[in-house]
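Q: Here is what each chain is made of, one letter per residue.
2 protein chains.
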Amino acid sequence: MSTPKPAQRLRGAKSPVQRPKKGLQTASAGPLNTDYLETLLGYNARRAALYVIGQSAQEMAQYDLRPVDFSVMSVVHHNPGVTSRQLCASLDILPPNLVKIVQSLEAREWLVRLPHPHDGRAVGLHPTDKGIALMQEAEARISALEKMVANPLSPEQQEQLISLLRKIYL
Amino acid sequence: MSTPKPAQRLRGAKSPVQRPKKGLQTASAGPLNTDYLETLLGYNARRAALYVIGQSAQEMAQYDLRPVDFSVMSVVHHNPGVTSRQLCASLDILPPNLVKIVQSLEAREWLVRLPHPHDGRAVGLHPTDKGIALMQEAEARISALEKMVANPLSPEQQEQLISLLRKIYL
DNA sequence: TATTGTTATACTCTATAACTATA
DNA sequence: TATAGTTATAGAGTATAACAATA
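The listed protein sequences derive, respectively, from chains A and B. Numbering of the first sequence is given in the working numbering, commencing with residue 1451 and proceeding in unit increments. Numbering of the second sequence is given in the working numbering, commencing with residue 1451 and proceeding in unit increments.
Just so you know, these hints were derived from the structure itself, not from any lab. Any given hint could turn out to be false.
[Unchecked claim] Computed from the model, here is a short list of chain A residues facing chain B with C-beta under 7 Å: (1) L1487; (2) Q1508; (3) S1524; (4) L1548; (5) V1549; (6) K1550; (7) I1551; (8) V1573; (9) N1601; (10) S1604; (11) L1615; (12) Y1619.
[As the list claims (entries may be wrong)] Cβ-Cβ distance ranges computed for the label pairs, FRET-style: (13) N1547/A with P1605/B: 18 to 28 Å; (14) P1546/B with H1566/A: 40 to 50 Å; (15) R1535/A with R1571/B: 48 to 58 Å; (16) Q1610/A with P1546/B: 25 to 35 Å; (17) A1507/A with A1590/B: 12 to 22 Å; (18) R1571/A with P1517/B: 18 to 28 Å; (19) E1559/A with G1570/B: 41 to 51 Å; (20) E1559/A with L1620/B: 34 to 44 Å; (21) N1547/A with S1593/B: 27 to 37 Å; (22) P1605/B with P1567/A: 47 to 57 Å; (23) A1557/A with D1579/B: 37 to 47 Å; (24) R1571/A with Q1508/B: 54 to 64 Å; (25) R1571/B with E1488/A: 37 to 47 Å.
[As the list claims (entries may be wrong)] When the alpha-carbon atoms are kept at most 25 Å apart in a straight line, the in silico BS3-like pairs for lysine-lysine are as follows: (26) K1597/B with K1617/A; (27) K1597/B with K1617/B; (28) K1597/A with K1617/A; (29) K1597/B with K1597/A; (30) K1550/A with K1597/A; (31) K1597/B with K1550/B; (32) K1617/B with K1617/A.
In this text, all values refer to a predicted model and were calculated from it rather than measured experimentally. Using N, Cα and C, we set each Cβ at its ideal position, and we do this for glycine too.
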């Protein structure tokens, strides 16, 4: 039941955006004017997210972990016994779509489903020793990668960027 | 040939993320510990992008414009005569996937496809008067919406956030 | 031979309805 | 009656291969 995940081309790398030159509007050659889109927070946040997560996805491909798998395993890792319902609320995943993710992680023996102590309807998700070891390694690699990606920014700027992003969506 | 687009539920709003409380790991109730994920730039950038673009999508639904339609029309608006190939490179869209987007915009008479003056293979995309009027209004609404969304930040912080994001992905 | 635009198609992601078991 | 988890399925988004017309 484990899902085979063929290596996938990762788009949204650092190449596609070309620098705009004001005043140029020739059709066939030369860079385009994207000045307006570049004023938009949504546009810039999406491009940054696609780039960073694309890099992370490449890094996690060695574990056959997609970004969503990593997020789920990370929450399970730090919240042993978490229920599917809580995971869905926390990561904004719809319950039907979480099912096969959990099945795949369970098949690889990174988590186990145990009956919930106080609620017969619910199932607690617990990381296995294998899953804990995996996530210790994977989280260390992701943290190291994020340092590389955020390298153009000073440590103060890195903190500030995350702080500003959180003020937007929280 | 125009695509009917049923109003779609927009997820990723400001509710799903719950504040973590350190030390709490009870399974069925209480907020989860998501401290680790919240240290990640990719995680925060994605949540912010989903939130901002979700708001924009709601605003553009009145014109039956999805985010990708808005981006394409905006580039056409500011680059009359742009080719499909240029659009794909600029917005990171694959050529086969741009075809039906352009067909839909053409069917609504927001752009026209004219033969390219210097290249018989290429087709230039030109905004119609209707398309120009649409985008003047739509871009004004998006800019106003972005001001609302970025309201928790000071004007200096807003500029800085965009500047920091660009340093990440450029 | 390389590029533009296109068709067909497959795969992934996201969404809704409906069912069961339990509270 | 409401909630947790699941199944089935539909729709949207993203990917590759291959073709005709033109450079």
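Q: Hints first: check each against the structure and report whether it holds.
A: A quick look at each hint next to the structure:
1. L1487: holds (6 Å)
2. Q1508: violated (12 Å)
3. S1524: At about 6 Å, which falls below the 7 Å cut-off, the nearest Cβ of chain B leaves the hint on S1524/A intact, so it holds.
4. L1548: At 13 Å from the nearest chain B Cβ, L1548/A fails the 7 Å test, so the hint is violated.
5. V1549: This hint is violated: V1549/A lies away from chain B, its Cβ roughly 18 Å from the closest one there, beyond 7 Å.
6. K1550: Interface hint status for K1550/A: violated (19 Å vs cutoff 7 Å).
7. I1551: Violated. Min distance 16 Å.
8. V1573: Because about 10 Å separates V1573/A from the closest Cβ in chain B, which is outside the 7 Å limit, the hint is violated.
9. N1601: At 10 Å from the nearest chain B Cβ, N1601/A fails the 7 Å test, so the hint is violated.
10. S1604: violated (10 Å)
11. L1615: holds (4 Å)
12. Y1619: OK, holds: Y1619/A within 7 Å of chain B, min 4 Å.
13. N1547/A with P1605/B: 18 to 28 Å: Violated, at about 39 Å.
14. P1546/B with H1566/A: 40 to 50 Å: With Cβ atoms ~47 Å apart, the hint holds.
15. R1535/A with R1571/B: 48 to 58 Å: holds (54 Å)
16. Q1610/A with P1546/B: 25 to 35 Å: Violated: the Cβ-Cβ distance is about 40 Å, outside 25 to 35 Å.
17. A1507/A with A1590/B: 12 to 22 Å: violated (36 Å)
18. R1571/A with P1517/B: 18 to 28 Å: violated (38 Å)
19. E1559/A with G1570/B: 41 to 51 Å: The hint (41 to 51 Å, Cβ to Cβ) is violated, given that E1559/A and G1570/B are roughly 59 Å apart.
20. E1559/A with L1620/B: 34 to 44 Å: Between E1559/A and L1620/B, where Cβ atoms are some 41 Å apart, the hint holds.
21. N1547/A with S1593/B: 27 to 37 Å: 34 Å Cβ-Cβ, so the 27 to 37 Å window holds.
22. P1605/B with P1567/A: 47 to 57 Å: holds (51 Å)
23. A1557/A with D1579/B: 37 to 47 Å: violated (58 Å)
24. R1571/A with Q1508/B: 54 to 64 Å: About 34 Å separates the Cβ atoms of R1571/A and Q1508/B, which means 54 to 64 Å is violated.
25. R1571/B with E1488/A: 37 to 47 Å: violated (29 Å)
26. K1597/B with K1617/A: holds (14 Å)
27. K1597/B with K1617/B: holds (22 Å)
28. K1597/A with K1617/A: holds (22 Å)
29. K1597/B with K1597/A: violated (30 Å)
30. K1550/A with K1597/A: violated (32 Å)
31. K1597/B with K1550/B: violated (32 Å)
32. K1617/B with K1617/A: holds (19 Å)
Of the numbered hints listed earlier, those contradicted by the structure are 2, 4, 5, 6, 7, 8, 9, 10, 13, 16, 17, 18, 19, 23, 24, 25, 29, 30, 31.
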